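Chain by chain, the residues run as shown.
Number of protein chains: 2
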Amino acid sequence: MATFTILGAGMMGTAFCVPLADRGHRVHLVGTHLDRAIIESLQDRNFHPTLDLEIPEGIIFHPIEELQQPGQESDWFVIGVNSLGVDWAAQQLLSLVKPGSHILFLTKGLAAQNGDLQILPEVFRSRFPPSLGKSLHLYALGGPSIAGELARRHPTSVVMASRDNGRLEELAGLVQTPFYHVHTTADIIGLEFCVALKNFYSVGVGLAQAEGERPFAASNSPNVHNPAASIFAQSMTEMVYLAGVYSGFQETTTGLAGAGDLYVTCQGGRNSRFGRFLAMGHALKEVREERMKGETIEGYEVALAIGETLRSLIHRGRLDAKQLPLMAFLLDVMLDEKPAEIPWSRLHG
Amino acid sequence: MATFTILGAGMMGTAFCVPLADRGHRVHLVGTHLDRAIIESLQDRNFHPTLDLEIPEGIIFHPIEELQQPGQESDWFVIGVNSLGVDWAAQQLLSLVKPGSHILFLTKGLAAQNGDLQILPEVFRSRFPPSLGKSLHLYALGGPSIAGELARRHPTSVVMASRDNGRLEELAGLVQTPFYHVHTTADIIGLEFCVALKNFYSVGVGLAQAEGERPFAASNSPNVHNPAASIFAQSMTEMVYLAGVYSGFQETTTGLAGAGDLYVTCQGGRNSRFGRFLAMGHALKEVREERMKGETIEGYEVALAIGETLRSLIHRGRLDAKQLPLMAFLLDVMLDEKPAEIPWSRLHG
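Listed in order, the protein sequences are those of chains U and R. All you need for the working numbering is the position in the first sequence, starting with 1, plus 53. All you need for the working numbering is the position in the second sequence, starting with 1, plus 53.
Any given hint could be a false lead.
Stated by the list, open to error - Some chain U residues near chain R, calculated using beta-carbon distances under 8 angstroms:
no., residue
1, Thr209
2, Ala282
3, Gln303
4, Tyr316
To be verified - Covered stretches of chain U, going by a simulated chain R footprint (3 or more residues, C-beta under 8 angstroms):
no., stretch
5, 286-293
6, 388-398
What the hints assert, rightly or not - Label pairs and their computed distance ranges (CB to CB):
no., chain 1, residue 1, chain 2, residue 2, range
7, R, Leu147, U, Lys391, 50 to 58 angstroms
8, U, Asn99, R, Met333, 26 to 34 angstroms
9, R, Leu185, U, Gly334, 52 to 60 angstroms
10, R, Arg344, U, Glu110, 39 to 47 angstroms
Treat the hints as calculated values from the structure; they're not laboratory data. Because the structure is a prediction, the values reported are computed rather than measured. Where is the CB? At the ideal position from N, CA and C, for every residue including glycine.
Chain U on its own, in the form it takes in the complex (with noise of 0.2 angstroms):
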């Protein structure tokens, strides 16, 4: 029995104590302050509002103010915050990590730094003093896991990754159980590459979507699948380039934390949500402060995290525009809110 201490109730840090539960391991869940209502809710009675389901017995609920004693006696940390609270989850683990210690990123994203990309688990690493940060092990996990059927003990596959592989095979086996089957890889690069990049292609995949949906659509083809599907294929084409350039592997775009992750981030949710309402004519703004207001838009985020420096990239020649028209598509309309008409004729060249 091993003690894990995650930070951030929301969707996904909670459903990844389901199988720890299971698994009889001691499972601190700790709430940002943005989570608040989740944990009086968990402690009441056991229920996850967001997830709409009541989690097994045995997990300990706690608001981000009791985080130091579980910390203390934690084998492993757990970060499910978003994207933008890496930061923020440096700070609160400053006073608690040691040398050496264990920290599994759940939380999704690619950042600009320096002028070029990087993971979020390097961004992470360099909020310590230097040679704490270069002591502490990282690992991170990809793959298509909606949380909600983790939480309910869907069949799920998921790949966790890791540079230095001491403890990755160990870790990677406290988690899994008969549902949650977690499969390993040292491409952590390329792990995270897929992560981030399936949802701000995902958009582009949700603009292709609403072409069924238009009003010159023929009245009797109310499912179009053709132009998702290309879409598709050439998202997958960037992102085995994207992650090439970074030393990715192929065949993690080619697997779980690639195309898998894409295919069901495509299935729904609110990045295709998302491109669909760009796509039927409505303005970006209105998209977001009045169609989707409230809701992150994990791709958009990206789009907004990293694309001026992606552009940078292409125009330094560290990447090759030829290789990625429809990332360069989808920066136009995320970032300048170009006309979101897909530029057909220049993609798969």
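For chain U, the structure is supplied; the task is to place chain R on it using the hints.
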């Protein structure tokens, strides 16, 4: 303007005539002996019953008995019969093709030949006298292209392949329209592997889609996507491996012909429905003879056509069993009627 003879008036053969007619080509659509009712309806009122659509003016419709005249005046032949009809198509064209004739395959599949796998255009070639066969220019088409959507002019992106690319660019250029985007590759092998295997593997995705419909599934989670996405990723991984063994290019599998077509096939259709029935516990015989009576399930046809050859190739060491756990499972289910219980722990190894 060029003259085309399309052999086979099924959904894809007919849909392919739409961009040709839009481009002003002279188009002869010749039905097989199975297409008599379709040809009569088309001659009568331009209506295709299974596409449920009125076809543009200008296409000339023929029963099979009239093949000779259009065949003699055509620059390009297009084969649109089903995958079991390739030998028949070769017989029909025996007196019509000349040295150096150009033949495009819409027909998809892999065949077993001399104990190994062979792509259908090469099976077709082998049915002609050697010197004539060798002189034929063969082209194939892949990518996400649901016939009804193409026929309704929804944006559709495909890739056309030929090993000898003498007139590949010319043919792609003749077919291209503002809604039909035709890209080219020399990788005809990778393309044919993808278009056949995507049907086979989408049976597996269908099996996994049934997870949410099983009796033990939580009642408040009707749509379950993690299991299908996991199988999608494993399918991509095995397709990259398989095409690679036969010298297919990785970018074909991660592009339109592989990822794109697998995606579109998993959005619905008979292969995944077949898989879902099996996963819900119906016997293969019952699904074939009752629930899906009379329907062609292409993924199952692939298993029948090449399943034993695949097993033999694994047995002989030409294919690595460790790379193909999902294929082995699907063959057990489809050829030996083994239980359709997905072997999760053997995947993503």
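- Message: How does the stretch 286-293 of chain U fare against chain R when you require at least three residues with a CB closer than 8 angstroms, holds or violated?
- Response: holds (count 5)
- Message: Please check whether Gln303 of chain U passes as an interface residue: C-beta within 8 angstroms of a C-beta belonging to chain R.
- Response: holds (7 angstroms)
- Take the C-beta atom of Leu185 of chain R and the C-beta atom of Gly334 of chain U, compute their distance, and say whether it sits inside 52 to 60 angstroms. holds (55 angstroms)
- At the C-beta level, are Asn99 of chain U and Met333 of chain R separated by a distance inside 26 to 34 angstroms? The hint (26 to 34 angstroms, Cβ to Cβ) holds, given that Asn99 of chain U and Met333 of chain R are roughly 32 angstroms apart.
- Do three or more residues from the stretch 388-398 of chain U put their C-beta atoms closer than 8 angstroms to C-beta atoms of chain R? holds (count 3)
- Double-check Thr209 of chain U for me: the hint is only fine if its C-beta lies closer than 8 angstroms to a C-beta in chain R. holds (4 angstroms)
- Query: Do the beta carbons of Leu147 of chain R and Lys391 of chain U sit within 50 to 58 angstroms of each other?
  - Reply: The hinted range 50 to 58 angstroms holds for Leu147 of chain R and Lys391 of chain U, with Cβ atoms some 55 angstroms apart.
- Does the Cβ-Cβ separation between Arg344 of chain R and Glu110 of chain U fall within 39 to 47 angstroms? holds (42 angstroms)
- Message: Tell me if the interface restraint on Ala282 of chain U is satisfied: Cβ within less than 8 angstroms of some Cβ in chain R.
- Response: holds (3 angstroms)
- Message: Tell me if the interface restraint on Tyr316 of chain U is satisfied: Cβ within less than 8 angstroms of some Cβ in chain R.
- Response: Tyr316 of chain U check passes; min Cβ-Cβ to chain R is 5 angstroms, inside 8 angstroms.
Comparing the model with each earlier hint shows no violations; every hint is respected.
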